[in-house]
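Place chain P on chain U using the hints.
There are 2 protein chains.
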Amino acid sequence: MRSADLDAVVIYSTDPHFSEYPAARWKQVEWLCGFSGEAGDLAITLDDAGLWTDSRYFIQAERQLAGTGVSLHKSRIPGAQSIEDWLLKEIGEGARVGVDSLCTSIACFRALEENFELAGIPDLLSPLWEDRPAIPQSPVYSINPGESREEKLDWLRAILADKSCDYILLSELDQIAWLLNIRASDIEYNPLLISYLLVGQEDAKLYVLKDEYDDSLSEYSFEMLQSEGVEVLPYEEVSLELLSLEGAKLWIDDSSLNAELYSTIHCEIYTAPSPIPERKAVKNPLEIENIKEAHIRDGAAMENFLYWLENKILSGEKISEWDAACKLGEFRSQIEDYVEDSFETISAYGPSAALPHYHTPSCDAPLLEPRGLYLNDSGGQFSSGTTDITRTIPLGECSPEQRREYTLVLKAHIDLAAAIFPVGTPGCRIDAAARLPLWKHRLDFGHGTGHGVGYFLGVHEGPAQIRQNLGAAPLRKGMVSSIEPGIYREGLFGIRHENLYLVEDAGSSEFGDFLSFEALTMCHFDTSILELDLFEDWEIDWLNSYHQRVLDNVGPLLGEAELEWLKRKTAPVSKSNNTKNND
Amino acid sequence: MRSADLDAVVIYSTDPHFSEYPAARWKQVEWLCGFSGEAGDLAITLDDAGLWTDSRYFIQAERQLAGTGVSLHKSRIPGAQSIEDWLLKEIGEGARVGVDSLCTSIACFRALEENFELAGIPDLLSPLWEDRPAIPQSPVYSINPGESREEKLDWLRAILADKSCDYILLSELDQIAWLLNIRASDIEYNPLLISYLLVGQEDAKLYVLKDEYDDSLSEYSFEMLQSEGVEVLPYEEVSLELLSLEGAKLWIDDSSLNAELYSTIHCEIYTAPSPIPERKAVKNPLEIENIKEAHIRDGAAMENFLYWLENKILSGEKISEWDAACKLGEFRSQIEDYVEDSFETISAYGPSAALPHYHTPSCDAPLLEPRGLYLNDSGGQFSSGTTDITRTIPLGECSPEQRREYTLVLKAHIDLAAAIFPVGTPGCRIDAAARLPLWKHRLDFGHGTGHGVGYFLGVHEGPAQIRQNLGAAPLRKGMVSSIEPGIYREGLFGIRHENLYLVEDAGSSEFGDFLSFEALTMCHFDTSILELDLFEDWEIDWLNSYHQRVLDNVGPLLGEAELEWLKRKTAPVSKSNNTKNND
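Protein sequence lines, in the order shown, are assigned to chains U and P.
Using this note's numbering, you'd call the opening residue of the first sequence number 179 and step up by one each time.
Using this note's numbering, you'd call the opening residue of the second sequence number 179 and step up by one each time.
Only chain U is shown next, with the shape it has when bound in the complex (with noise of 0.2 angstroms):
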């Protein structure tokens, strides 16, 4: 910082595009630091330095940067101070300040700007840090998900002439997955590509580090690309691309760009959301009969692994958080076209539960005892579709409380997976239906209650959403989201039950037209601890149903002892017989 004459460094915890999953190159914070949190932001001037994340966080944080000289700085609470600040008292107005300009978005660029003399430094840390790891590349591939990458790049061109735009640059991933229709490895969980993608309405040019690929399969695909009019150029020439765009007229979307690229275009800009997230989120019908299929393959994945933990726990072995999540990610990974989990596995017993983004320890994880609850949530990338599941297992006997808690959750989810609505309405006018229930005992979560997941993509896609925060991108037809309420009882136990559902047409009348849930995920609900007196009549229908649904599919593929015991769980409920089903 002494010899580039800096007062102060900011490190944002994000890559160059803007990736939920970072790859350990870009792991900047942490190796500055050592916090590993999702989000953080790092401030460091000549004698100080914090770190910014928020309240899912904090606990982390303190134990990370005990010992580090490194201050924790709590945002996103009343009265917090924002990183500009800070260092307006620390280091004064017109200081320099650094940042690496390929992991800094546009708007805190701007942000920091207002008061600072900024240098953007592509790589900052690259000197200092000598064993970086690389950018991660892995074999590229092409899938066929029902639309031909010349029919997005028609759709696409179609609506660059309609704002009188010349190109588009793409940044964000799986926006550029999504639109040629090929698929990676690049970054953990998500099946993607590290690229950039320039779309003008005569040519395509993909910017890939395209010289280090000598697998046969990239080269294929890149063949592939070229042949259908995409260009496949070196990863660091985009920027030279548009310092050569003088005269055109480029469509940005400045929330995904970093500040680097931005830094080199010199032409006419028109900013806008780019258009691929709200046609990428409706799934064409190819889409859906697959990821129907994927569900159903990954229910039966799921349900070996439940009939597995019921045995190992009634036959009294040892197993640990880590051994579960293994054995599931075993069941899972024989499935034939699994490529990889969609996210890390939450596999976490009793007070480990009440953490809704539990990390499961590989070492000395805790052991599950024949009691209480376990929780289990995770998903597969398969190449016909993604998946999410939250299932949490009665060990043994429960307390009064974790029944109650259990079956309101249940029927929380019931409730909002019975909604019909109109077209048109956004996720957060809905989201109370999964609320109210719990409302009614006064008991609240603190997290979303539904996310769009991809095809064969990021698990959390945008733009619709079911939570308590007001937004207006309403559901549609096509769409896939998850419903996942929660109870989480700190030092006790946490409760979660998530299906994913697919957006369908519910019919018409005088008042418009109705849209409604249709359940993609495939497995049972425990029933045992199940408190029926809670439900309305319609809410145990529904529950029957589904799992009639659940054997129908699911059991076909289950070997014959597990097929009996299916039978016996998905077996209807009643008030009356609500200790029958009890196994």
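If several chains are the same, the list does not tell them apart, and a pair holds so long as it fits within one copy or across any two.
Simulated crosslink set (BS3-like; lysine-lysine; CA at most 30 angstroms straight-line):
(1) LYS470 <-> LYS618
(2) LYS252 <-> LYS341
(3) LYS618 <-> LYS753
(4) LYS267 <-> LYS341
Hints listed in this document are in silico derivations from the structure and should not be mistaken for laboratory results.
Chain P alone, transformed into the frame defined by chain U:
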């Protein structure tokens, strides 16, 4: 226009104070073109004229404009052309446009100013409008709603000091009435005094049509105000005062200030929403006590009316919608502290009720038949509070569709009325509680589900409201809101069930503090046509318990026959005795 060198004139349907019900003097649009809807703006060029209004008034506007030469322009529809765009086409950029600056909002003024040379002329139409009504004046009186004007002024001055403001200018009449604890009858259905108020740290100046007041009540009220430091000055002097404020910092709310007054301000301006609506909406303990009692007396008037109505219909007497409205007005006006109605009573039989904003004609109003549904939406201004209630009454045999939808709307009402929700929840997040039961049957309604209600002030009061439009203002303890779902079948019938509710504490847990609704309105819902199988048991319990409260509270105010009748009407219902209660 020619003599004033104007190419066009634009007249907005508002008064200088942006009142919900402008006085006759400011019904300028109606005087010019005959259109009497609440929302309609008129643009006139030398050879053409157009009226802009929204879908609520399309039919009415077409009827009322027929033969006037004024064309209808539909606003708030896709592709709608704004007044500005139309004028650009008709008279071209830079042309001279006149507006009545007293009745033009700052926003409208600015929108026109972008393209035209604007002439803001106060009372533009007065020279043409020979018998133009005067600004209404009525006796001014004080009320004691539990907080003195001194306390309220101290509170406001502390906020002014906090924002380093010397003055705040108030022009919305309900804010002035609330702050000074004064009422009058200048505005229809609203107990308000036409005035401006300028509050400074040391002084407060109320601008009223003072010289013309000669009633002893107003004189006494003004003397009281003067003795408490509120100077009473002539209405038209407010402009002079604003001109003289140089060197001061003045708080204005530019959403409710007219362009004329705005043009006279030359000091430093702080623009922000007034802090009064937020505080005014939260009723104090005395207001709450009074409101509850007002609703019991209002409920007795309603029950007397419903008893009268049932007997008239049974006896076969010919009653029109207008007769029924008058009779209810008679019962209500017998209440000791009745001042006026809080809005124009909607008395609508059969197809009339399918129009949510039906205007009951005084001549040749439709007759009530001994079958089908009659809807009555009405309310009173009492010095102890404001009421607003809708009941839909079966007058004899009803169709299966009517019975079913009558039941579903009541179910929707109960589901929201029984909701419990966390502190901080905006109304738009629980609006769905009243729609989900309807959506399930592909039913819906096109208006808001609930609006705030003032304390002996406007029957529609912000900031919180329960509706589809996303808005962040939370429902807070002490607020009063309506709950009024409905179903409207064009040409056939309309159903709406409306009560007012007080937002109340509903306990706390480790998940936060919760709120609920306590019924203020005290009048039974007819149970004779309920299809109770559509109800959950707890919804029936809610209804029975509400009816017990109605009987306990209103019963003692009724005559012997009416009481016996109400006992039958409020008798508990259950799924097994669904038919027993039809009488």
